[in-house]
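*Asks:* Just so you know, the protein sequences line up as chains P and H, in that order. Using the working numbering, the letters of the first sequence map in sequence onto residues 1 to 473. Using the working numbering, the letters of the second sequence map in sequence onto residues 1001 to 1473.
In short, the hints are calculated from the structure, not lab data. Careful: at least some of the hints might be erroneous.
[Unchecked claim] Calculated cross-link-like contacts (lysine-lysine; reagent style DSS-like; alpha-carbon spacing at most 30 Å):
| no. | chain 1 | residue 1 | chain 2 | residue 2 |
| --- | --- | --- | --- | --- |
| 1 | H | Lys-1228 | H | Lys-1263 |
| 2 | H | Lys-1048 | H | Lys-1091 |
| 3 | H | Lys-1039 | H | Lys-1206 |
| 4 | H | Lys-1206 | H | Lys-1228 |
| 5 | H | Lys-1093 | H | Lys-1263 |
| 6 | P | Lys-228 | P | Lys-206 |
| 7 | P | Lys-108 | H | Lys-1337 |
| 8 | H | Lys-1337 | P | Lys-427 |
| 9 | P | Lys-337 | H | Lys-1108 |
| 10 | H | Lys-1039 | P | Lys-427 |
| 11 | H | Lys-1108 | H | Lys-1093 |
| 12 | P | Lys-93 | P | Lys-108 |
| 13 | P | Lys-39 | H | Lys-1056 |
| 14 | H | Lys-1056 | H | Lys-1108 |
| 15 | P | Lys-263 | H | Lys-1263 |
| 16 | H | Lys-1234 | H | Lys-1206 |
| 17 | P | Lys-108 | P | Lys-56 |
Number of protein chains: 2
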Amino acid sequence: MSVHPIEEIIHPRTIAVAGASDSGRGGGFVSPLLELGFKGAIYPVNPKYDTVSGFKAYARIRDIPGPVDYVISSIPATHILELIDDCVEKKVKGVHLFTARFSETGRKDAAELEREVLRRARAGNVRLIGPNCMGLYYPEERIAFNEGMPRETGTVGLASQSGQVVGEIVGFAGQRGVRFSKAFSYGNALDFNECDYLEYFTQDPKTDVILMYIEGARDGQRFAKALKEAAAVKPVVILKGGRGSAGTRATASHTASLAGSLKIWESTVRQAGAIYVTDIEELVDVAVSLNFAPPITGRNAAVAGGSGGSSVQAADQCEEAGLRVIPLPQDIRDELKAQGSPIWDWIGNPADFSIAMGDETIGTVLMRMMAQHPAFDLLIMFVHGPWRRTGREFDLDKHMESYNLSGVTRKPVIAVYADRPRSLDEKEAAWYQNISNQIEERLLAAGLPVYPNVGRAARAASRIVGYYERRPQ
Amino acid sequence: MSVHPIEEIIHPRTIAVAGASDSGRGGGFVSPLLELGFKGAIYPVNPKYDTVSGFKAYARIRDIPGPVDYVISSIPATHILELIDDCVEKKVKGVHLFTARFSETGRKDAAELEREVLRRARAGNVRLIGPNCMGLYYPEERIAFNEGMPRETGTVGLASQSGQVVGEIVGFAGQRGVRFSKAFSYGNALDFNECDYLEYFTQDPKTDVILMYIEGARDGQRFAKALKEAAAVKPVVILKGGRGSAGTRATASHTASLAGSLKIWESTVRQAGAIYVTDIEELVDVAVSLNFAPPITGRNAAVAGGSGGSSVQAADQCEEAGLRVIPLPQDIRDELKAQGSPIWDWIGNPADFSIAMGDETIGTVLMRMMAQHPAFDLLIMFVHGPWRRTGREFDLDKHMESYNLSGVTRKPVIAVYADRPRSLDEKEAAWYQNISNQIEERLLAAGLPVYPNVGRAARAASRIVGYYERRPQ
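In isolation and in its complexed conformation, chain P is listed as follows (with noise of 0.2 Å):
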């Protein structure tokens, strides 16, 4: 197999940054690469400064002293052409434009200034990214392009025309301790466009899950072509910007494209197998539960350690998503009336554990019953905190110690560690915060998909599931 044309620009050796300053986006292109010890050369260029960020700046990107394989612009579009015409001349390989105002405006003169930048770019064979986009994300090579997105890597990967987008699915889905394998931030999708990005991220080893925040697409039966292949091989996600009159209107002036009808879109992504997803939020959700639970293919759902109306609640939410929530098999009643459970007639699935009151056991042995039995597909599991605070100090290895599921299954497992209302009390709700934080981590350190509620948790699921169900065996 030939190396793919996205993979031939994406390992620079060095990198110029155009428009680079100390103060300003520009110069917020170099100090990420710094943050994450990007290895190679950074050159700034701007002819206004001798140098930006400590290091020596050159006028411009023919001036700079042996190769450079990786351009970032952010320069004004007024100067684009002869930035490019340096490109080629330097023999540069991909140049991402942060470089903004051309198509999107809905200008004349715009437009075909972009158009322009195309014809030069692909006669003197440089590569772009964008314009009007952020650009690239890459932990591996230490290529960021935001302060504080994460230094470790991972198997999911990211395409989106917005560049906020990128910034809000990294930081969110890192929250919940996804890592990327690539994330690419494209804009206008003037030379590279988004069958190229998921064609990439197909036959890339390096990444298990696909994401895509798309806004439209200029070759339809290329992308469907595409998206067929990649969801033959790997859960695709995909978030389609633009769906109603106004959204269309919206991305015509973010980033120039024909958002197209959404039914056909819809139709298309389900039809190629993918996940259609309506927003950032359900996207992180679904990513979390593909990044760290096996495949989810059936709809049984197993759900323990909810209480009074949050049982009642979850039922409703699970069912809604399109899980189903059957009866407690009659085998664990029986094993439980065995046990002599004062309960065993009464409790049920989903299985409340708030009316277990006095016997602390009981919830552990019944989930890890649940979880075994196979009658289940998946187990949600109800994670909670401390009550409140007393006198005596929380022994959080022993509260883990009854969500601890590791050897008892191989099935999906997905916690649901619930929100609850801030204390009015600040030291209570820091004290609190703080347990908090430390579940989590140990959630996600036992490798667990983590979720603030039920429903969410469900409907992830549900969608997963449904890939599954789609999918050619």
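With chain P fixed as given, assemble chain H onto it according to the hints.
*Replies:* Chain H alone, transformed into the frame defined by chain P:
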């Protein structure tokens, strides 16, 4: 108008807590009364102790000298009849039965005991809240059932079969500035039921908005009538627990409710003109705008201040919620052009302020125009935090001034202060959290409903428009 029977029992001069102790849940009912500062006498009742929480304890209710108006019972069900007899003898007006293990266990003898409790209470002229519930939260009377319930009173009334749900709604809505007139957790609804609480709130002059969490109704016709009468005079929001088959099983074991057909429920609620929601988050979201915004009576939304991908998604989510994100009116465009704005032809609705980089005033100018323009029924306003920490101190006053629309419009304005990923740098994360808290406090102090994303804001607004559309004029 005669005094409502619920009103008769919720102004006690004295409260006895049966089963009180210095540890466990019984004691838990004394401490919230102390914390809120209940002004009457508190009598712990427990034959095992001489004192509880520093108060003299009595062996039985009948031993208490002087009148007892209200009793909270947390004794086991096995002793409940004796307690009821004592209450009759002491001429107690109201009893809250935290005591559980009645009909919700599904057992015949427990259900028979429950019926006997009701017979004796009725015969003795004692009214009951519960059993199997958390009872009354009434800040004006300094009565609460959990520690940390707000001391301030408000105009939202809440009745819920689940005590946990009351805690969550009071807590989550409380964090967003909502305060309550009264809240009832009423469990198995043995004496007062959902109709009584609803009728009570309908006639209560201190309640402007009614929230209910209901697992089942005993008398569907009476409930439909009460709901119609309530919704005709004030907004009513209904969350129905037990919507599917598993949820129905769960309501039976939680509060012994017959969940009823979901379709009948949904159509009953809608035909009555009440607002139907499907989870606590949505219920709280609707309550926040009902509490803070003037009536939202039309669907034409102005959406201002998003950027790039977030503007596209704001448009999608508003439209999917049932709002109309109409194009920017031509006279606003003309005015921007006359003022010399370089983006008069490019900016739209949603108004993406990120394209105005360099012109810091355009956002404020345009937002004010949108807020005043007759084509719009409401304004959804993105509020931002600082981009990141810099050497300069963040000027909160100046920052918030650009969002100040007081005196500019009487239209509903909904603020979206979007969650953003936590920084990996702990210092920066703490700094940002601190500023975020201050921004949210300022928005609350300005009387604005605040949401963490535009989808939730739009769905809440749309539910409220639906209420005013259906309400007879």
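*Asks:* Hints first: check each against the structure and report whether it holds.
*Replies:* The hints, checked one at a time:
no., hint, verdict
1, H/Lys-1228 <-> H/Lys-1263, "holds, 17 Å"
2, H/Lys-1048 <-> H/Lys-1091, "holds, 24 Å"
3, H/Lys-1039 <-> H/Lys-1206, "holds, 21 Å"
4, H/Lys-1206 <-> H/Lys-1228, "holds, 19 Å"
5, H/Lys-1093 <-> H/Lys-1263, "violated, 38 Å"
6, P/Lys-228 <-> P/Lys-206, "holds, 19 Å"
7, P/Lys-108 <-> H/Lys-1337, "holds, 19 Å"
8, H/Lys-1337 <-> P/Lys-427, "violated, 53 Å"
9, P/Lys-337 <-> H/Lys-1108, "holds, 19 Å"
10, H/Lys-1039 <-> P/Lys-427, "holds, 27 Å"
11, H/Lys-1108 <-> H/Lys-1093, "holds, 29 Å"
12, P/Lys-93 <-> P/Lys-108, "holds, 29 Å"
13, P/Lys-39 <-> H/Lys-1056, "violated, 74 Å"
14, H/Lys-1056 <-> H/Lys-1108, "violated, 38 Å"
15, P/Lys-263 <-> H/Lys-1263, "holds, 28 Å"
16, H/Lys-1234 <-> H/Lys-1206, "holds, 12 Å"
17, P/Lys-108 <-> P/Lys-56, "violated, 38 Å"
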